[in-house]
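S.K.: The hints should help you fit chain C onto chain Y, whose structure is shown.
Going line by line, the protein sequences match chains Y and C.
Under numbering that gives the first Met the number 0, the first residue of the first sequence carries the number 0, and numbering increases by one thereafter.
Under numbering that gives the first Met the number 0, the first residue of the second sequence carries the number 0, and numbering increases by one thereafter.
Heads up, some of the hints might be wrong.
Chain copies aren't distinguished; within one or between two, either way the pair holds.
Claimed, not checked - Okay, derived cross-link-like pairs now, SDA-like style, lysine to any residue, Cα gap no bigger than 20 Å in a straight line:
| hint | residue 1 | residue 2 |
| --- | --- | --- |
| 1 | Lys482 | Glu83 |
| 2 | Lys50 | Thr9 |
| 3 | Lys217 | Thr433 |
| 4 | Lys50 | Thr225 |
| 5 | Lys190 | Asp117 |
| 6 | Lys50 | Arg12 |
| 7 | Lys114 | Ser22 |
| 8 | Lys106 | Ala120 |
| 9 | Lys50 | Ser22 |
| 10 | Lys313 | Leu478 |
| 11 | Lys313 | Glu462 |
| 12 | Lys89 | Pro472 |
If you are wondering where the hints come from, they were derived from the structure by calculation, not from laboratory data.
Just so you know, these numbers come straight off a predicted model, no measurement behind them.
There are 2 protein chains.
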Amino acid sequence: MTTAFDLLRTLARERAVVASAASVIGWDQETYLPDDGHSWRADQLAWLSEKAHELGTSAAWGDALAATEAEGSAPALAAAMRREFDRATKLPGELVAREAVASSLGKQAWAAARKTSDFAAFAPHLEALLAIAREKAERWGYSAEPYDALVDAYERGATAAGIATLFDALQPRLRDLAAAAVERSNNRDAKLPAGPYPIAAQQAFNAEVAASLGFDFKAGRIDTTTHPFCTTLGPRDVRLTTRYDEGDFTSSLFGVMHEAGHGLYEQGLPDAEFGLPSGDAASLGIHESQSRLWENHVGRSRPFWEKWLPVAAKHFPQLAAITLDDFLAAIHRAEFSYVRVEADEATYDLHILLRFGLERRLVSGELSVKDVPAAWNESFRDLFGMTPPDDARGCLQDIHWSMGGLGYFPTYTLGNLNAAQLFAAATSRPEIATANSKADYAPLLGWLREHVHARGAVPTPAEIIEAATGSPPSPEAHLAHLKSRYL
Amino acid sequence: MTTAFDLLRTLARERAVVASAASVIGWDQETYLPDDGHSWRADQLAWLSEKAHELGTSAAWGDALAATEAEGSAPALAAAMRREFDRATKLPGELVAREAVASSLGKQAWAAARKTSDFAAFAPHLEALLAIAREKAERWGYSAEPYDALVDAYERGATAAGIATLFDALQPRLRDLAAAAVERSNNRDAKLPAGPYPIAAQQAFNAEVAASLGFDFKAGRIDTTTHPFCTTLGPRDVRLTTRYDEGDFTSSLFGVMHEAGHGLYEQGLPDAEFGLPSGDAASLGIHESQSRLWENHVGRSRPFWEKWLPVAAKHFPQLAAITLDDFLAAIHRAEFSYVRVEADEATYDLHILLRFGLERRLVSGELSVKDVPAAWNESFRDLFGMTPPDDARGCLQDIHWSMGGLGYFPTYTLGNLNAAQLFAAATSRPEIATANSKADYAPLLGWLREHVHARGAVPTPAEIIEAATGSPPSPEAHLAHLKSRYL
Chain Y
0 MTTAFDLLRT
10 LARERAVVAS
20 AASVIGWDQE
30 TYLPDDGHSW
40 RADQLAWLSE
50 KAHELGTSAA
60 WGDALAATEA
70 EGSAPALAAA
80 MRREFDRATK
90 LPGELVAREA
100 VASSLGKQAW
110 AAARKTSDFA
120 AFAPHLEALL
130 AIAREKAERW
140 GYSAEPYDAL
150 VDAYERGATA
160 AGIATLFDAL
170 QPRLRDLAAA
180 AVERSNNRDA
190 KLPAGPYPIA
200 AQQAFNAEVA
210 ASLGFDFKAG
220 RIDTTTHPFC
230 TTLGPRDVRL
240 TTRYDEGDFT
250 SSLFGVMHEA
260 GHGLYEQGLP
270 DAEFGLPSGD
280 AASLGIHESQ
290 SRLWENHVGR
300 SRPFWEKWLP
310 VAAKHFPQLA
320 AITLDDFLAA
330 IHRAEFSYVR
340 VEADEATYDL
350 HILLRFGLER
360 RLVSGELSVK
370 DVPAAWNESF
380 RDLFGMTPPD
390 DARGCLQDIH
400 WSMGGLGYFP
410 TYTLGNLNAA
420 QLFAAATSRP
430 EIATANSKAD
440 YAPLLGWLRE
450 HVHARGAVPT
460 PAEIIEAATG
470 SPPSPEAHLA
480 HLKSRYL
Chain C
0 MTTAFDLLRT
10 LARERAVVAS
20 AASVIGWDQE
30 TYLPDDGHSW
40 RADQLAWLSE
50 KAHELGTSAA
60 WGDALAATEA
70 EGSAPALAAA
80 MRREFDRATK
90 LPGELVAREA
100 VASSLGKQAW
110 AAARKTSDFA
120 AFAPHLEALL
130 AIAREKAERW
140 GYSAEPYDAL
150 VDAYERGATA
160 AGIATLFDAL
170 QPRLRDLAAA
180 AVERSNNRDA
190 KLPAGPYPIA
200 AQQAFNAEVA
210 ASLGFDFKAG
220 RIDTTTHPFC
230 TTLGPRDVRL
240 TTRYDEGDFT
250 SSLFGVMHEA
260 GHGLYEQGLP
270 DAEFGLPSGD
280 AASLGIHESQ
290 SRLWENHVGR
300 SRPFWEKWLP
310 VAAKHFPQLA
320 AITLDDFLAA
330 IHRAEFSYVR
340 VEADEATYDL
350 HILLRFGLER
360 RLVSGELSVK
370 DVPAAWNESF
380 RDLFGMTPPD
390 DARGCLQDIH
400 WSMGGLGYFP
410 TYTLGNLNAA
420 QLFAAATSRP
430 EIATANSKAD
440 YAPLLGWLRE
450 HVHARGAVPT
460 PAEIIEAATG
470 SPPSPEAHLA
480 HLKSRYL
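Here chain Y stands alone, though its shape is the one from the complex (with noise of 0.2 Å):
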């Protein structure tokens, strides 16, 4: 007999072909597409993503799904079915082709207002984008203030209120330990020895590496791009992306390593559920801290490069030159800096702190637009100790805001958090913590597999972290991580 729940997922499996038909479209925009064929290939991912938005919010699907509630079939799987069907239903079609012609003159806006540091060519795009994001707000509906709908959509859970308590008593323990990494680090005179490092050779290592951490090259590749990025394309194609910089071969490597770090993630989420929650990753908070994880705490870790190095040094032979401890202390070099995608580990969540205070005030009404760059110096003053030269290494930095994503910069630090809880409470089991100090990573990956992976998205991000160690979210594992790595 078929079940409503059995049509649910079919209707769900042919949604998902749609959307990740969207993502090949996506990709391969990002990679291969030669210039002129830009104004075609958008209206090809148009079509696709108005297409499976118009399957996820049919009314079959309502039906479909009420029925499953109705026979009460998978209840937990189905009230988050519930949720993302109530949200994506809420919005009027509308208001989501408003939305995407306002991201869309945004991002072009922003990236020549950016070119010439002129917040003011921006701020009206801002204005509007902010309006439409309040509009959602309202349709979506929050309890304590429009922002909290917003971070939901990203972080299942989260709040304003929760993001700012948390943040709130981390700054002045970041501030200091940042202050004091960066001291630490101007005493210490740390390079890589110079280029070049040949591309061929570097996609030949980080394939290597890659490989070496679980990540399965038939169900997947790496490919190059301006952005580095990770996407799925279907249940066992996940497309990793990076850059190469001649004269650093760690650049490429880290970002493969954080890329692969997501892509892990994707391999690891259950192939036959792909396009249900029970398939999908729990949000960005909990994907952003597989990358972490990998780039941060395995790939800059002292054991991983007692492997590594030498291998390297057979890809780049003037790596030879170099001692493992000057390795080590170059690539934990920290050091103030403007712009958030060039900071390291010491100083980055300071960057985010930032971020979400005034976009916190900005969605609130509390600040405006236009002063913004005001707002972004001063509090860059204080948690810096330094003031951007320009809007374009300040408030014009992050393309975020300019696609309309506000509610999505606390998740990156709430990545850092989560990584770190996670690789300490893995790393406290004894075969964890002795394979990772040679190098094989193949227990930590089946812990995180069990534990985060497989789990899909159907717990909330919070139940996924305290059921996987034993605690609720906290940023005490984070910041003992850091001190010990920095001081």
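M.R.: What follows is chain C alone, placed relative to chain Y:
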């Protein structure tokens, strides 16, 4: 005022968006898809193909077409669209689905049967595909015999009787010419210097050549596949593929020149008409004329190598050791071989004549499936004077029948004939002949753009050839070309 024709164009544009998204998926499948991704990718492709078919056969489309005919705008284009629409709607969905399954199973069975040279294992699939082809022919309708309806899908206006008359007249002349060319080659020892020809150098050289022919890399690119092809992913996005043999750089080069010929045609179709017959290639026989023209008439000519052999020698230093005459002798070598895709220009068409004769008799029922291997070998002996050692190198060598592609083969030889006739007409103009003699192909491309590319698929293939060359399609230019090159 919006006319019915405007509406029809809008509908056609949407179908083109969807169909070209399927092409992106198909391209990725052949180039970059990781092994485990195939089954999901097939589902994406099936969904998109079905959706494109649905859009192109919808009641809305039919109504808009009828209204366009009634309002009398663009009558020639409307007639071409009527023909396409009737063809598509005459086949019930059930038959289309049945054909897709039979063709998918057929391909699998063929691949396995070819490996073990086991025709009996493939025979039931060919029976099923033949029955479906006959059923399609009955539904489409034909004047003389069912084969007419099938070949017309690839080559508008072609008929079995017309092709047979042409091929019957060609056969003795081609056979004698091929035999003489083979004998002449056997008396001359001409070989390329030994490899390796590094792949990176081949890629650089091929790209340089393709760009010099006029292939626009802002609107296209070249990637690597097992089976070279050209596909169009949007009005300004044409993808070529090739494969590399480190022992022979001419293999990928002529492959790229062949595919670039297809690509130049696609890039030359009117962008604004993409998805309409006025923006579509006229037929397979016209498409193949473009690939053969650039591969053979240009790429294997003396003036081309006068310019490019010294350039090639910069990429591949071993070429400094060969004279232009010896090089030309090597690339003009003729020999009888069992496999069509390895055949040279002088013997190629004999392979096609054989296939046309067999498939025409298969469709009419004159030849039964079980007798195919014997009939193949008999015909092969008659044309080539030798017997295939097994069916893998005989009647099982090609994929076409296993996909139900009956009526496809003759378009290869029609393409050769058209190529020669077009090239002769173009080079009868002194300014084109002079430019060609200096390996400057801009005037030639300009002529093809005007007389072939810009015309789309509204005129028939025969009309295009006659208007471009001043004479109806004829084999004389091809025979004259082969004679002058090989004898």
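S.K.: Confirm or reject each hint.
M.R.: Quick rundown of the hints versus the structure:
Taking the closest pair of Cα atoms, Lys482 and Glu83 never come within 20 Å of each other, the shortest separation being 40 Å inside a single copy and 71 Å across copies. Proximity of Lys50 to Thr9 under the C-alpha cut-off of 20 Å is found in both arrangements, the shortest distances being 16 Å within a copy and 17 Å between copies. In the homo-oligomer, the alpha carbons of Lys217 and Thr433 never lie at most 20 Å apart, since the shortest distance is 29 Å inside one protomer and 53 Å across protomers. When the C-alpha separation of Lys50 and Thr225 is checked against a cutoff of 20 Å, the pair qualifies neither within a copy, at 28 Å, nor between copies, at 33 Å.
Within a single copy, Lys190 and Asp117 get their C-alpha atoms no closer than 35 Å, and across copies no closer than 64 Å, so neither meets the 20 Å cut-off. Within a single copy, Lys50 and Arg12 get their C-alpha atoms as close as 13 Å, and across copies as close as 16 Å, so both meet the 20 Å cut-off. In the homo-oligomer, the alpha carbons of Lys114 and Ser22 never lie at most 20 Å apart, since the shortest distance is 29 Å inside one protomer and 36 Å across protomers. Only within a single protomer do Lys106 and Ala120 lie at most 20 Å apart by alpha-carbon distance; the minimum there is 12 Å, versus 58 Å between protomers.
For a Cα distance limit of 20 Å, the shortest separation of Lys50 from Ser22 qualifies both inside one copy, at 13 Å, and across copies, at 18 Å. When the C-alpha separation of Lys313 and Leu478 is checked against a cutoff of 20 Å, the pair qualifies neither within a copy, at 35 Å, nor between copies, at 58 Å. In this assembly of identical chains, Lys313 and Glu462 lie within 20 Å of each other by CA distance neither inside one copy nor across copies; the values are 44 Å within and 64 Å between. For the identical chains of this complex, Lys89 and Pro472 are neighbours neither inside a copy (30 Å) nor across copies (63 Å), given an alpha-carbon limit of 20 Å.
The structure shown violates the earlier hints numbered 1, 3, 4, 5, 7, 10, 11 and 12.
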